[in-house]
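A.B. asks: Letter by letter, the chains look like this.
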Amino acid sequence: MHALLDGLMQLWHETGIYLASQGDGWKSVVMVLVCLVLLYLAIKKEFEPLLLLPIGFGGLLANLPGTAEFMTAVPDTTRGAEAMGAFLGIFYYYGIESGLCPLLIFMGVGAMTDFGPLLANPKTALLGVAAQFGIFTTVIGAVLVHLYVPGVDFFDPSNTLLSEPQQVLRAAASIGIIGGADGPTAIYTTTRLYRELLGAVAVAAYSYMALVPIIQPPIMRLLTTRSERAIEMKQLRPVSKLEKILFPLVVLGLCAALLPSATPLIGALMFGNLARESGVVQRLSDTMQNALVNIITIVLGLGVGMKLSAAAFLRPQTLGILALGLLAFAVATASGVLMGKLMNLLSREPINPLIGAAGVSAVPMAARVANKVGQEENPHNFLLMHAMGPNVAGVIGSAVAAGVLIAVCSRLAP
Amino acid sequence: MHALLDGLMQLWHETGIYLASQGDGWKSVVMVLVCLVLLYLAIKKEFEPLLLLPIGFGGLLANLPGTAEFMTAVPDTTRGAEAMGAFLGIFYYYGIESGLCPLLIFMGVGAMTDFGPLLANPKTALLGVAAQFGIFTTVIGAVLVHLYVPGVDFFDPSNTLLSEPQQVLRAAASIGIIGGADGPTAIYTTTRLYRELLGAVAVAAYSYMALVPIIQPPIMRLLTTRSERAIEMKQLRPVSKLEKILFPLVVLGLCAALLPSATPLIGALMFGNLARESGVVQRLSDTMQNALVNIITIVLGLGVGMKLSAAAFLRPQTLGILALGLLAFAVATASGVLMGKLMNLLSREPINPLIGAAGVSAVPMAARVANKVGQEENPHNFLLMHAMGPNVAGVIGSAVAAGVLIAVCSRLAP
Amino acid sequence: MHALLDGLMQLWHETGIYLASQGDGWKSVVMVLVCLVLLYLAIKKEFEPLLLLPIGFGGLLANLPGTAEFMTAVPDTTRGAEAMGAFLGIFYYYGIESGLCPLLIFMGVGAMTDFGPLLANPKTALLGVAAQFGIFTTVIGAVLVHLYVPGVDFFDPSNTLLSEPQQVLRAAASIGIIGGADGPTAIYTTTRLYRELLGAVAVAAYSYMALVPIIQPPIMRLLTTRSERAIEMKQLRPVSKLEKILFPLVVLGLCAALLPSATPLIGALMFGNLARESGVVQRLSDTMQNALVNIITIVLGLGVGMKLSAAAFLRPQTLGILALGLLAFAVATASGVLMGKLMNLLSREPINPLIGAAGVSAVPMAARVANKVGQEENPHNFLLMHAMGPNVAGVIGSAVAAGVLIAVCSRLAP
Amino acid sequence: MIVQAFELLFLGMGSVFAFLALLVLVMSAMAVVLQRFAPASPDDAPMSPLLSENMDSDAEILAVAIATARDASNRHVSGC
Amino acid sequence: MIVQAFELLFLGMGSVFAFLALLVLVMSAMAVVLQRFAPASPDDAPMSPLLSENMDSDAEILAVAIATARDASNRHVSGC
Amino acid sequence: MIVQAFELLFLGMGSVFAFLALLVLVMSAMAVVLQRFAPASPDDAPMSPLLSENMDSDAEILAVAIATARDASNRHVSGC
Ligand code: NA
Ligand code: NA
Ligand code: NA
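Those protein sequence lines, which keep their order, are chains C, U, Y, X, H and P. Taking our numbering, the leading residue of the first sequence gets 1, the next gets one more, and so forth. Taking our numbering, the leading residue of the second sequence gets 1001, the next gets one more, and so forth. Taking our numbering, the leading residue of the third sequence gets 2001, the next gets one more, and so forth. Taking our numbering, the leading residue of the fourth sequence gets 3001, the next gets one more, and so forth. Taking our numbering, the leading residue of the fifth sequence gets 4001, the next gets one more, and so forth. Taking our numbering, the leading residue of the sixth sequence gets 5001, the next gets one more, and so forth.
The hints are simulated quantities; they were obtained by calculation from the structure and are not laboratory data. Treat the hints loosely; a few may be bogus.
As the list claims (entries may be wrong) - With a cut-off of at most 20 Å between alpha-carbon atoms, the simulated EDC-like pairs for lysine to aspartate or glutamate come out as follows:
| hint | chain 1 | residue 1 | chain 2 | residue 2 |
| --- | --- | --- | --- | --- |
| 1 | Y | Lys2372 | Y | Glu2232 |
| 2 | C | Lys341 | C | Glu164 |
| 3 | U | Lys1241 | C | Glu377 |
| 4 | C | Lys27 | C | Glu14 |
| 5 | Y | Lys2244 | U | Glu1164 |
| 6 | C | Lys244 | Y | Glu2046 |
| 7 | Y | Lys2372 | Y | Glu2046 |
| 8 | U | Lys1244 | C | Glu46 |
| 9 | C | Lys341 | C | Glu377 |
| 10 | C | Lys234 | C | Glu377 |
| 11 | Y | Lys2241 | U | Glu1046 |
| 12 | C | Lys241 | Y | Asp2006 |
| 13 | C | Lys372 | C | Glu46 |
| 14 | Y | Lys2234 | Y | Glu2349 |
| 15 | Y | Lys2234 | Y | Glu2376 |
| 16 | C | Lys234 | C | Glu349 |
Here the structure is a predicted model, which means the values were calculated and not measured.
Bound conformation, chain C alone (with noise of 0.2 Å):
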């Protein structure tokens, strides 16, 4: 009978009600109404559901309190077989700390990808430059809010291996790279860069890009006069298969040339294009688009979600992040629009610069959300072709910036 009690009484110190009423053990409630807000958002309001979902339950899962062992244990491979890691920790240590799920799911944004349009009017890459400036202009931000706003900062005094500037640097990269408005892309340079912001900056990049629609429109009004957003454009060219078969090898061949820090994304992303659009890899291009991107969503979304802990979330540097990104969003779309501006003035036929705002990625959204404000003025007005060649620039463009960013930040001194 005592040792039923007793039993009886373990058992409770274990449960997570015990456990969620001792010392930080709110935290952990607080996090459980956040990645229910989060699977609210992605089941009732479709915020990118098939990114925000996983990465809900993940966090939900990772902070059960009382579980850690089961769950969220990281691998540690030096140590054989008694410390082989957890559910959610194994997803997390060989799927995103190795950069493996958000290249592959780069590889199937390549092999989704058509990029036809771009192909059949160059220049509308220019737009998907303008759209990067949102990036760079945000790591500036966030370098501004850690030495100006008080109790906002990236650094960690207990991390000794990087100095102050390096890790202030290093976050204030991977916060502007939410402004690529491209998931993968945001993920692998986070990886790369600086960990602890995981969690915050997949779902700061992945809610506003579901709120593409809403947070673009009124930045595109602004800035556009009713002429201007009324402007059509001329039909597409048709593009050769050749021409297709060859950009993914152009591509990879000026990122090597000119950028190798970049080549894992642009790598993967072009890798899957040509399986793509050579003709002769269908099935593995099928495979890319279905079974392989779907299995990794899954296992990216939950280890994602495993960073969603109270101690890295719960701190007044994740309102910067959301703050910060917010902004990035709207440089990146207001920049892509001005440069649509400029090149309507330069250029001998006419660009309608909404199609700019399509330059921050975020494909398809942004290049529907530029056609649907131009019908608005202009019902005759079809504009999502045209828009698609700026929107899979940006993909490119901010693959780019994050090769940079990786590239730079890798070498500060300390």
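Model the placement of chains U, Y, X, H and P with the ligands on the given structure of chain C, informed by the hints.
C.D. replies: Frame of chain C; chains U, Y, X, H and P with the ligands shown alone:
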């Protein structure tokens, strides 16, 4: 010429025929026969072929003499590339010992399971409670067998990490969980508690699940009257989409609050179910139910088969495990039926006690058996949907039972 | 400003253009050209594109200057998370060096292969024996090349673990297995014996398999008379389902009895085939043939491509390997045809010697070639199903040959 | 050991009962609340055992039981 | 730090611009060369925004945009 | 080394021959036994080279050869 004869001699000394004729080699031959019986049951008798075919073939591969180096070597990550393991060993180590495969299969089960019948008639969950009685009485039975049946013991003196009571309780829990009638739960629990028994426990669990149509009906008929078996139940109410979406979150919440050690199983099951019911991640749910669960089934089956080694299987314990596993199924069935009778007495609405037998899990076979036995008495009696309630409740019930077994046995004093 | 110039200079020193112009950098450029040729052959000439496209692209990625850290770093599990490797390196280490990928592809091949034509006419298996002659004569050829062709040797003095004869025999065996005309077998064997040659061996194997319609016909015409090529064969008997189910078990049994070192390849092949023929695990068989084999092909192709490094590939040995590989295919074809002539002389039923050429494997290309050459002489001659017998026997034959090579070369005294 | 095994029986059955009994309560409460504030829409399929009366084969009955789940995989397997 | 952040701005935007501007040049050159030596065959689908005029739903417009890619997955999901 | 290479030739060809010759024997024996005790049912498809006579394209001939295997994947790829 001499070298050639030497080479021939060496090849001969490596042949399976030569090795099987040496020392304990005959045991491998016996195990090969055991595995061929498993394959026969899987292919000809269609005993859970999705699992028993890979398990049987994995057992074949593992018992071929002289192939350990190429087949069953387990990775030793502390030794670097020299010890990365072989085919089945890699599957076993990374897929099963890590716990990943049973959890991912459980995720697929969640994505395949409609908890609607349980939501439509919640109190049938209590039938899923009663059926877990088989698990715990079998634990007691296993301890009794260890203590009082000569020649059958569950204690390995060479294991210095665990004391005798620890080992016996862990082994008894691993045997008891066979009564959960749920493959992934049984495999997960055994890998956490007493891996030596993995092969026998998995084979017993899947074999008895396949034998449910033979084991259950006599017990069901013995414990019920004709009029009880003829009871018709009233039509289930429709269940709203929102209830189905909230259900996985509610179950996970209860699990986290009460029993953190069950969260890996319950969490994986409910993640799959939320993906299914949310309706916004159809791609992921499809992949969980098809490509992913199929790939993982191959890995799990071959990996579990590897544990059918002669040294582990050809012992009197295995007969004990098979007998105790049968006892577990029988007690579980009887408890479910008796609870059904009790509920029928107490409840306003009529409850056919046969659906209590479906509480053992073995989805959907046990529900089908309940339906069939019911129709023998009353051809207008359609119990299938009613039996699905206790059936899926049994899945949750055995995962909870597994959580208790893992929690209590892991913290036993030496 | 100064810092900016510094940063620009550093970025410049990391560019592919700069690195390619330094030291051995030009070799990378040559390898990039080699890989572009592979991609051209895969896409334009449809040379085994499922493999050569990923291999070629993996080779591209591996040879981009300055990307080793992001692309090809191999995991070092003894050093923990700091050395978890990069994209291609992870694929290579866990997928290929472990042997998993070739075995899983072989499992898919088994699930795709109908051994019915072989069962209907068992003695055509002997044609699959003769064609393996190409493997072993090439081993001798490779040793002769090492000994007598100046500048081409298969010995790396810096490898202190293996003596010169050991290295040369292992390399010769890896080259010889090209003549097996079977990708997974060649890759598996080379990873077990002499990984340095993996890139060249894989490229040679898949290229010559694609060239079967060009390499084989002249040899076949040279060695046969018009009347032999016109021989019609009698219709194959129907094969029962039971024979097809027993076949994989019989093959595995023989393999285990005679040659344990061949069990990984034969075991994987026969597991896939049993899953196919048993008829009770259609889901698993489908997945093996589609999602799983496609995913593994991507991993294998990129991982093998990584071994196309300049240091390993731009050596006179590679030319030797290509020449010896061609020899292997030619000898194998000739041996098969001559064996066909012999069997035609000795057998009661007429045997068209052309089907002997299909014994080289290269399923189903070689069987198709036999059919085509036969129809050139006699338009009513349909050899395809008859050629499938030796064709699939050749797959088993080269796996057995691989087993012998691995067994003998692994235990050579130093 | 035998004491510990009985202890497991009580703790285990107690936990399973507590868990599922609580779940019954929550499910029942949820049903009441949702039927008041968010009634089931007509497109939520009723689960009618009567539907089964027209079925003649065992396989068809099973098909209803695990309907949606196997749907996807069957379609996949049958190719159409 | 703030200096380094501005340095990142210049290096980063410079690299992105250099990369994509070069890509524009190469794509334009490729278009000219290929249209001379390997003109687009009639089966290369033109990308006509006019096609969209007959569309009434948002979803259909999207369907054109990511046409082939989603094709595969839709077929897969709808089973046919 | 050259001796060892010839040794490999003999051992290797010997093993391959032994293996496949035994396989021929077992297959032949199996055919005899099974045709006596479990004759092929009419639904076991005969493998008729005559079937091919009506075929006009190379691709169709191949299609027969690797029939079932590619079936699944073709259906998968073509979506139906
Ligand atoms: Na972007
Ligand atoms: Na159960
Ligand atoms: Na071969």
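A.B. asks: Check each numbered hint against the structure and report the violated ones by number, ascending.
C.D. replies: 2, 3, 5, 12
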